[in-house]
Amino acid sequence: MFDDLRDLYQEVIFDHNRNPRNFRVMESADRKVEGFNPLCGDRLTLFLKINGDVIEEASFQGSGCAISTASVSLMTEIIKGKTEAEAEELFKQFHEMTTGKDEHFNLEAIGKLAVLAGVREYPARVKCATLAWHTLDAALKNEQQSISTE
Amino acid sequence: MTGFDVDKIRQDFPILAEKIRNKPLVYLDNAATCHKPQTVIDSIVHLYSHDYANVHRGVHTLSVRSTDLFESARTKVKDFINARSDKEIIFVKGATEAINLVAQTYGKANIQKGDEIIITAMEHHSNIVPWQMLCEQTGAILKVAPINLQGELIYEEFEKLLNAKTKLVSVVHMSNALGTINPVKQIIATAHAKNIPVLLDGAQAIPHMTVDVQELDCDFYVFSGHKLYGPTGVGVLYGKQALLEAMPPYQGGGDMIRKVTFAETEYNTLPYKFEAGTPDIAGVIGLGAAIDYLNTIGMDNIAAHEAELLAYATEKALAIKGLRIIGEAEHKGAILSFVLDKIHPHDIGTMLDSLGIAIRAGHHCAMPVMDFYEVPATARASFAMYNTKAEIDVLMNGITSLIEVFG
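Protein sequences, first through last, are from chains A and B.
Going by the working numbering, the first residue of the first sequence is number 1, and it counts up by one from there.
Going by the working numbering, the first residue of the second sequence is number 151, and it counts up by one from there.
Do not take every clue at face value.
[Claimed, not checked] Sample of chain A residues at the chain B side, in silico, Cβ under 8 Å:
(1) 2
(2) 4
(3) 8
(4) 39
(5) 40
(6) 41
(7) 42
(8) 43
(9) 63
(10) 64
(11) 66
(12) 92
(13) 122
(14) 126
Bear in mind the hints are in silico, worked out from the structure with no lab data behind them.
Every residue gets a Cβ at the ideal spot worked out from N, C-alpha and C, and that includes glycine.
So here's chain B without its partners, still in its complex pose (with noise of 0.2 Å):
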């Protein structure tokens, strides 16, 4: 790991200072949304202070200031996901509305009766209810590949789903939930062999990883900013261009068009097509500002730094008696859900909060994972860049005191 300093890197993220209940914020729960450098904030604040207006209209000065910010964070997005082109890139809420988007434009052009679309136990809802609803309206079926008890997709099983009818694999490349991550390029590599596209929901993943959608060979990769220190209210989808052209477009306004009259209306090219009404502008350049930040660090060093956390995390984890780590795949990224013996979980989160630390209880937006390991929620501890092994004593410790007061 080279010049990887948590230290400095704590110092450029001002939340990191704050005091919760009296003591220093021990911030886990980064699977949820995580927190933004100072770079961010700034290149918030610098728009509106200085380069602010509509973009894709004016001729006047600031509206090509933001134009040319906003179409630079696209290139910056490209880049960092290795796709071929801007044209690739489209801006949306998250990674909601991106497979929302994908579900009713390339789902409903695509997919009828009694096709069927591929996903797996471990989705998040975001990635279960959009087909859901898909199937809802056009008679498809949604087929789910199991895991096994350690939380991994058990791989036979999922090749035995794929067959004439299928027309979608859509699978989470990191699951939010367990931790466990997906081995997407065989996934995709079977797939394609029956001319079956695949999406990942790459929101857990593409903070902890880097992500080449090239290499990966995926046909649609969603994200949200908000997980990858970007502001919230901004997310992408990652289309390979020839799909992305031949799907209808998702929602109609300003922006997405090229010629309205009332009797017809001729779209945009991409990937404007998507992008109807004015976007978040602001959260699209934090996000372009995020990853320049990232740049700096290098996702290589941050998996590095991270997976040394969740082995630390694990280990002193496992020494405590009643603790069960809820999902121990081989491959797994820096989250560590666990349960306490007769300990619920929310009772884990309001009593590590007094304690200054923040922790998700709950079902993680993945009830049929819930429901897999018969629990009815689980405790989170999710890590990032800025963790430290100095906060991981503080939860163990944390941990092991409520435990003996509950007694």
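Just chain A, same shape as in the assembly (with noise of 0.2 Å):
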């Protein structure tokens, strides 16, 4: 019935909705940010633990869309083991997979999130998708205030 979702709804994204990964509060955090999409009211607090320049564990808790929760899910999973520097990189290579016009993005580098890039078929609920993204973002610039994607 919901065929044409196929490329937006891929079983790896129900799989994370029904049961995130990394989902708890991190009580030793470094970093801590919260993200906000004003729009759907998708809310999610993301916890970094970061030694000298590397990200040794993220987590996060909140409440969102199927497409946000499998979206930080899988975000925290890849970002894990990566230098600073490198998970910025990898948000500039999801935006670009999820919002750039053409598709040059680098799939070897984005891993699974590759499950993500059918958002960019669906403008309503790309933010859905950044949402996460924009949180680290605003976590490696270690800005302390809550983001919001609007």
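Assembly of the complex is requested from the two constituent chains, each provided in isolation within its own frame, with the hints serving as guidance.
So, in structure tokens, the structure goes:
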């Protein structure tokens, strides 16, 4: 019945929505930033533990749609062990993948985040996918105030 | 329902023949805005093709024609809500501007530091923020009458808030997020017993029921044209003449003046005092055409049809496991807000869109209502005169299927 949506709602997204990874409060976090999408009410808190310039741990709390939950869940998996510069580069690639005009993002670097590429066909949903990454960007820049995708 | 023929009505709305993602459009986002009958579209095309010029200005033929059409639309609005006089009908951009106008003119002239303004917990942001701004400017205090879990005003609590410091009650006639129809006649009687004027936000109510401002005895009534099958960009502020006369103007400019020198300006009479600048001429005339159309159908017929749709939709919705209706007031308009277990309203919105169904997913510009129900957002199906039970079946099948897909 929902054949048209197969590109947007891949099974990986349903899986991460049902069972979000790294879904917990991190008491020992070095960075804690809140992300909010006022349009749909998606809210998340991202926690990072940083050693030197390496993201040792990432976790989140919050509530949102399947796209935003899967996006942040996948993000916390992929950034673990990355340097801050590598994570920033991933943010750029992800941004290009979801909002860019052509498909020149680095598929190899983006790995399984590619399951979210389908949002580019749904302009109203792009912000759901990018909220996590804008929050990460703020955390890496050490901005403590809550950020918004509006 | 004498002569109410939904199939015939549907043919009057060209957009209803659209295919969305290769499926017939099922438009259930009428509380956000509703579609326009051909006669409204034609009235605008005809105006620009044959009668258009600026109003209230020239002596030339087209200006006279435009002015006549414009002012006759004002009379149509006056009759539609049963105001006493055309002078009580002020054209504005929409309900939002109307409330801002009252806040910045009536409010600034009559509300001072320590005074209180009463709203309810089910208001749209447009009936919250203008008052917060006024309170910030004047030092007045905004008080909020609470609602119960069904989404009804708790009347005793509302009554308790009224006191000698209360200078205005501003309440929604029908809630856009919950569908609740407030007991506005009773609210007005209670407030008037204490000499407190009442503004009704009628943006949602007006397309669904007969509104008679004299019978209600409200002091201000505001609504938007685009929710009443008219064009966007036009709305109405109704105010009792004596109140409007005493209010200072809102914006300065052309049309709202009688005489201007650099030393001083003499303001125009009602309603022009509040209509600075060239108005939305085509919008006003289109709104007049929408009212003509509604009069041929009959508001009571529309109300009866929509009540049937709401009852049908509610019954079907309650049978879906995991669906919770948000807003179960006893007296309710054609709005079905709901949430599904573990499925975010935005996912519901996208999935239903792929089936050609347009609903609203979000906070409905009523974030305090979302906070009250502890949900980030709801999905909302809102019905209009052109909707059918068959469309509600399509909606309910869609919901059942997406619940399966999400697992």
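The hints, checked one at a time:
With a cut of 8 Å, the hint placing residue 2 of chain A at the interface with chain B holds, because the nearest CB-to-CB distance is about 6 Å. For the restraint placing residue 4 of chain A at the interface with chain B, the shortest Cβ-Cβ distance is roughly 5 Å, inside the 8 Å limit, so the hint holds. The interface hint given for residue 8 of chain A holds, since its Cβ lies 7 Å from the closest Cβ of chain B, which is under the 8 Å cut-off. For residue 39 of chain A, the suggested interface contact is upheld, since its CB lies about 6 Å from the closest CB of chain B, less than 8 Å.
Interface hint at residue 40 of chain A: satisfied, since its Cβ lies 5 Å from the closest Cβ of chain B, which is below the 8 Å cut-off. Taking 8 Å as the C-beta contact cut-off toward chain B, the hint placing residue 41 of chain A at the interface holds, the least distance being around 3 Å. Hint status for residue 42 of chain A: holds, given a least beta-carbon distance of 7 Å to chain B, under 8 Å. A cut of 8 Å between beta carbons decides the hint on residue 43 of chain A: the least distance to chain B is about 7 Å, and the hint holds.
Annotation: residue 63 of chain A was flagged as interfacial toward chain B, and the flag holds, the nearest CB pair being 6 Å apart, inside 8 Å. Here the hint on residue 64 of chain A is kept, as its CB sits about 6 Å from the closest CB of chain B, short of 8 Å. Interface hint at residue 66 of chain A: satisfied, since its Cβ lies 5 Å from the closest Cβ of chain B, which is below the 8 Å cut-off. Checking residue 92 of chain A against chain B by beta carbon gives a least distance of about 25 Å; that is not within 8 Å, so the hint is violated.
With its C-beta approaching chain B no nearer than about 7 Å, residue 122 of chain A sits inside the 8 Å limit, and its interface hint holds. Taking 8 Å as the C-beta cut-off, the interface hint given for residue 126 of chain A is violated, the closest approach to chain B being about 12 Å.
Hints 12 and 14 from the earlier list are contradicted by this structure; the remaining hints agree with it.
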